[in-house]
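Going line by line, the protein sequences match chains A and B. Here our numbering is used: the first residue of the first sequence is 1, the next is one more, and so on. Here our numbering is used: the first residue of the second sequence is 1, the next is one more, and so on.
In short, the hints are calculated from the structure, not lab data. What you are looking at is a predicted structure, and each value in this text was computed from that prediction instead of being measured. Using N, Cα and C, we set each Cβ at its ideal position, and we do this for glycine too. Treat the hints loosely; a few may be bogus.
What the hints assert, rightly or not - Computed cross-link-like contacts, DSBU-like style, restricted to lysine-lysine with a CA-CA straight-line distance of at most 30 Å: (1) A/Lys52 / A/Lys19; (2) A/Lys18 / B/Lys113; (3) B/Lys109 / A/Lys22; (4) B/Lys1 / B/Lys113; (5) B/Lys106 / B/Lys42; (6) A/Lys19 / B/Lys1; (7) B/Lys68 / A/Lys22; (8) A/Lys19 / B/Lys113; (9) B/Lys1 / A/Lys36.
Unchecked claim - Covered, in the sense of this in silico footprint (three residues per stretch, anywhere, with C-beta under 8 Å from a C-beta of chain A), are these stretches of chain B: (10) 59-65; (11) 73-81.
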Amino acid sequence: ETGVTQTPRHLVMGMTNKKSLKCEQHLGHNAMYWYKQSAKKPLELMFVYNFKEQTENNSVPSRFSPECPNSSHLFLHLHTLQPEDSALYLCASSPDMGQLIYGYTFGSGTRLTVV
Amino acid sequence: KQEVTQIPAALSVPEGENLVLNCSFTDSAIYNLQWFRQDPGKGLTSLLLIQSSQREQTSGRLNASLDKSSGRSTLYIAASQPGDSATYLCAVTTSGGSQGNLIFGKGTKLSVKP
């Protein structure tokens with residue numbers, strides 16, 4: 001484990017379902033991120049939270065709804081997804097957006113399949 | 001706009017060979033560079049982090065170098081093993097942009113044959 005824990009590891013959902021992905025870190029970091037990795041495509045940044053405040057939404061469709069109740073937890077709420085949303089969703093953390101000399105720590109990801 | 005390129009896209013070598021993976025970036029104004037490893041369907045494992053003021057970092061059989069002025073980094077893997085088979089990603093941390101602070105290359109898929 002890297003210190004960033006994602007659950008569930010695998011998720012299969014129908015297009016009308018509502019589900020949530022969870023990310024938790026106990027590294028004392030204050031910045032958390034959601035990335036999407038589709039097959040044969042580079043990682044795409046989705047959302048950035050710094051000290052619980054959303055600082056970036058990278059033109060993500062509203063069927064993806066992030067929530068950051070505190071600096072240790074990050075959720076991604078999913079509803080009415082499309083099959084093309086099937087991908088590996090990765091959570092990452094870093095000390096904070098102002099300390100860019102430190103690296104990022106990634107979780108193991110949630111493999112999402114939309115049927 | 002910062003762009004990160006990794007060459008080659010795929011590499012297959014016999015076990016025991018020493019190998020070099022290449023990463024280049026277009027804007028030298030970076031805070032650091034990270035090399036990650038990703039196994040199929042899994043998350044990213046950080047291998048080495050090189051600060052912009054550093055020239056290289058070593059961890060076991062891995063050595064990463066950084067030439068910030070020329071926009072290049074290499075990851076050297078000594079005495080490769082089948083367990084090294086994975087995709088290796090290079091990423092630079094910058095001070096912002098449409099993709100946030102961490103800009104990734106597309107990766108090099110390494111296969112080490114027994």
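| query | Hint by hint, which ones does the structure fall short of? | reply | 2, 4, 6, 7, 8, 10, 11
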